Amino acid sequence: MEEMPLVLFTVLSQMAVGAAVTLALLDAFGGKVEQAAGVFVAQGIAVTAGISLLTSLAHLGHPFEAYRALSHLANSWLSREVALFGLFMALTIVYWRQWQRGDAREKTGLLTAAAGVLAVAASGMVYVLPAQPAWNNISPVLFFSLTAIVLGPLFVAVLLQRKQQVLGKTSFSIVARGLLCGAASFWLYASLLLGQGEAAAVIGGNIVHSGAFWGRLLLGWAAPLGIMAYAASKPEWDIRSKIMPLFVLTIIGELLGRALFYGAAVALTVAGL
Amino acid sequence: MAKQLGFLVDSERCVGCHACEMACKNEYQLEPKIRWRKVYPLKEDSFGLPERNFMSLACNHCEDPACLKACPVIAYTKRDDGIVMHDQGRCIGCRLCMLACPYSVPQYSETRKKVQKCHMCAERQDNGQKPACVSGCPMEALSVIDAAEFSMAMSSKTLPGFPDTAATKPTTRFIKPSVGVQVRRDR
Amino acid sequence: MTGTQVFRNACPRNCYDTCAILSTVENGVLKKVDGDPGSTYTRGRLCAKGYSYTRSVYSPDRIKYPMRQKGRGTGNWQRISWDEAYTEIAQTILKIKKQYGSTLPICLNKYSGNFDIMHYGIEGMLTSIGNTTRATGTPCWPAGIDAQTFDFGTIVCNDPEDIVNSKYLIIWGANPAWCSVHSMYFIKEAQRRGCKIVAIDPLLSQTASKADLYIQIKTSTDGALALGMARYILDNGLYDGEWLAKNSKGAEEFFGYLKNNITLEWAAEKTGVPQHVIETLAREYAATKPANIWIGYGMQRHTNGGQNVRAIDALAAMTGNIGKSGGGAQYAQLETWGFNYHAMIQKKPENSGGSGDRAININNFGAEVLNAKEPPIKMLWIACRGPITQDPETAVVKKAFEAMDLVVTADMFMNPTVEMSDIVLPITTTFETPGVNVSYWHYWMSLNEQAIKPMFEAKNDVTIAMELSAKLNQMEKGSCTYPTSGDLAEWVGKEFNAGIHKQFGISGWQDLKKGPAKAKGSLVAWQDGKFRTPSGKYEFWSEEARKYGHYPLPVYVEEMKPESKYPLRCISPHWKLNIHSQFQNLDWMDTVNNAPCLEIHPSLAAKYGIRERDSVKMFNDIGYIVLPAKISELVPPDTVAVYEAWYKGKKFNVNYTVKAIPADMGKKATGSPGIAFHDNFVNIQKV
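Residue numbers (numbering that gives the first Met the number 0), protein chains in the order written: chain X, 0 to 272; chain H, 0 to 186; chain D, 0 to 686.
No lab work stands behind these hints: they were computed from the structure.
Among the hints, erroneous ones may be present.
Lysine-lysine pairs mimicking DSS-like chemistry, simulated, CA-CA at most 25 Å apart [claimed, not checked]:
(1) Lys452/D x Lys31/D
(2) Lys112/H x Lys68/H
(3) Lys31/D x Lys32/H
(4) Lys513/D x Lys129/H
(5) Lys195/D x Lys175/H
(6) Lys629/D x Lys32/H
(7) Lys42/H x Lys629/D
Calculated Cβ distances over 10 Å to all of chain D for the following chain H residues [claimed, not checked]:
(8) Gly88
(9) Ser108
(10) Gln124
(11) Thr164
For the chain H half of the interface with chain D, some residues (derived, Cβ under 8 Å), not all of them [stated by the list, open to error]:
(12) Cys16
(13) Met21
(14) Glu26
None of the values given here were measured: they were computed from a predicted structure.
Cβ coordinates follow ideal geometry from the N, Cα and C atoms, glycine included.
Generate coordinates for the entire structure from the input sequences, incorporating the hints supplied.
This is how it looks when you write it as structure tokens:
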């Protein structure tokens, strides 16, 4: 699939941002995060950010000239995304180093989170284009943000688990809310498309008729929500054995959803051809 | 007002022969799959006639080009005369302009790994010549106008199937095809 | 060759427009082509096909060197040298001569792939080896040629640039928007000057959609429409009695026929055109001066095609529109073709056996090759022709190829005809060799200069003739009279004579290096009233026609009707991005359009449960094709349309379903009747 680099880049980078926000908030306002665990998570965030940057270069015809993409901050959301994501990446490394050295890191963490949030917003804005009726609204920003909200805490949970720490129930409830929000907003979005004329209806049709959509629905929303509901229904909340399946299902769902985002969109074309 | 050079497409004269497309490819010896100019059939019921009416489109050299704004490397510039130019040297092949253009104008070359598009034969025009498509059309259905000053009575800013012009303000203008009398056996 | 040079070239294709081309060559490479503004017909513009020429010259598919196939149709090709090719060919020729006592078993099929004057050297080559069999006639336009020969004495048309002077123009069964786009410019100009454009066509062609009035006629009933109009013109006294008295023979008999046999009710019923439309058309045509008719070649590809042309000619004659600027009945002209045919005219070798060339019908090629006896046909030379793609009854043509000892094809690409050959000889494009060209429509002559060196090992057909002659004489002295050497540019000069010089107002062929030349004078057909018929007049009543087994008058001959099993008509007209088997295979064309389709009316499609892009099998008793449906009102409900073309790598060929049904006329002027291509009856089925 042609857009694989962009699917990977956007999902991974959003996961990194969501994880950075999670770690920064936990560290500043939540419970104690142990040193070793914190370093591991911060490292995971920085590495993920780095990998996602490399995959984004694979999308370019001339990746070695990518530095020029910073040239057009005045008008181009892509320039702004490159700048902000670059800033985020740099801060994740600083944050990681501070965790390692045991320095005061709360402010850096919040700065990193803020940079990441702006980067996600910018990357969504790249796609808000009159030429793309399906994207010419707040949906790219919303869906990209939701990816960060659901994958970030799950990724942190996976990493913490490797250091024998468990993420709190609050975080999971945020993930659950994110998933519900994602599902609901996507249904609303698809139904709005189907209700419009012509190009929009075609897009809507493409989406709801595709295998990727139903895969995404089951694996990325229904299954994780089901698992969490099941865990919540137990008298004793014990999520430990379910963290990995939750993460794997959700990230598959997000990747499918992102592939759908890039693939199903039908641009305004001349003569509707 | 600043000059805004654009194409006047006379779909009344156009017979959809594709000479303009080929004249352009011939002038620049373009790769087989790349078409800087394309002849699109108008939808069958647009003018009460089946597929025998066309609009020939190259770049619309928009007043507010979406490609120019989206490009992260400032590969697009708009000349004083309105022609929107793409600089091959600066392009990194990110293809965002392809998503941003409502008219599917920029095309990606797999061999060069960069985008390219019609530049209204700027160097020919600077030399006093017409664009290759204009010079090549056997029906003389294409011409260059200054959209900023153009106000022909029977012209239009759009034809059925031409994407909404509000966003980028294309400079292409059209003359609508007319419909003759048809004595048909199925009517 | 370094630096940039511009050369003059002449498009040698089978096309009305025969453009004058300017070729830009940089460091020996053809960079681009342009139309020559020096011709007021070309007007500095080519067409989509012309502009794609660099992709023909530099196509990666071009055959680079002679090749030999081990087993026809196997695709098992091996490169051979020219010497090896000539050796095998010469050996076969001499073997045949020995075995059969003559070279009559050798058959040439050559036609319109390249109309450049020098290419008649191919016929010359065959003459120079002895008496041979020739595919005689033309698949294209002979019914109309005979018709105009009976009526006028021969085909002559007005200079098409004169169209701008018409005030009424009927384009009858022709599609200049696709097939003569430069004429379309003049038609538009006439329209701009107040001319009413009427298009009569069974299909809603591109030209028809640009007309002021489009009349969708029932296919093959054009004669009935013309006669209906003639009856109206007669009844209302709108004919030019003076002109008729002075210039025609048989007007009285024609009028008698109209009075006794033709009514407007009948014409309306037969043609499917409402009576009031016929009456209005007749009145407008007769009353507007000058009024012009363009008779298309598509229109005469029917069993009654020639007769229909005669009826239309009669309309022009009875209204006094013949011999007038802006008037006439335009079909074609060969007035500008008075060359020496130096490359063609050769002597037969002594003791070559047989008493003369044998003619077989080019329009029934497959069957006549198979049926030839005493002697049979054993070898084919195919040049400037693609019988496997272009002939009717493809399956029979293939059988004929299979029955040969040797098939040699001179061509550029691995098209289906080459695929069924034993040896293919790569030939030059028009840019790689000198030549000269004129048109069968306009009155310009263009020089063709050699712009670039021949690509790979390609050779001009005349060079092939010379070298084959050398090889033959090496093996058997005197077996071939073709000159074994010659400068091609000089040979171009040898085609010219005093008549051509005078006609075009040049002092010599070198003048054409400065630009194309237009014939001076005689640009309005029959303006001098000197018809070339036996009577010297326009002949409504033609004894010549009667001699050839036709009615002497332009009466209506019933059109071919479908049988119940195959109720639908399939019309297979020319396509806009090709000329027969040329151009559609090029990569630039492929990007614009890369698949054929079956055009089918919505009501017909509904009857057969066919939807847009469904796969449809179109078949009759001799063959079938399968292609996607395109639902469109461009065709009437009882007819489907398939545009004939060779698509590279696709198994598509509509001619599998086309029978070699002869058109009514063509034998007199061209030696064989034409083909009723558009009297193809089929059925369809969703698959």
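Against the structure, the hints come out as follows:
1. Lys452/D x Lys31/D: Holds, at roughly 15 Å.
2. Lys112/H x Lys68/H: holds, 21 Å
3. Lys31/D x Lys32/H: holds, 18 Å
4. Lys513/D x Lys129/H: It holds: about 24 Å lies between the C-alpha atoms, which stays within 25 Å.
5. Lys195/D x Lys175/H: Satisfied, since the Cα-Cα distance of roughly 20 Å is no more than 25 Å.
6. Lys629/D x Lys32/H: holds, 24 Å
7. Lys42/H x Lys629/D: Holds, at about 14 Å.
8. Gly88: Its Cβ never comes within 10 Å of chain D, the nearest being 23 Å, so this holds.
9. Ser108: Holds, because the least Cβ-Cβ distance between serine 108/H and chain D comes to about 13 Å, which exceeds 10 Å.
10. Gln124: holds, 17 Å
11. Thr164: holds, 26 Å
12. Cys16: With Cβ-Cβ at 5 Å, under 8 Å, it holds.
13. Met21: Hint holds; methionine 21/H Cβ to chain D Cβ min 3 Å, cut 8 Å.
14. Glu26: holds, 6 Å
Comparing the model with each numbered hint stated earlier shows that all of them hold.
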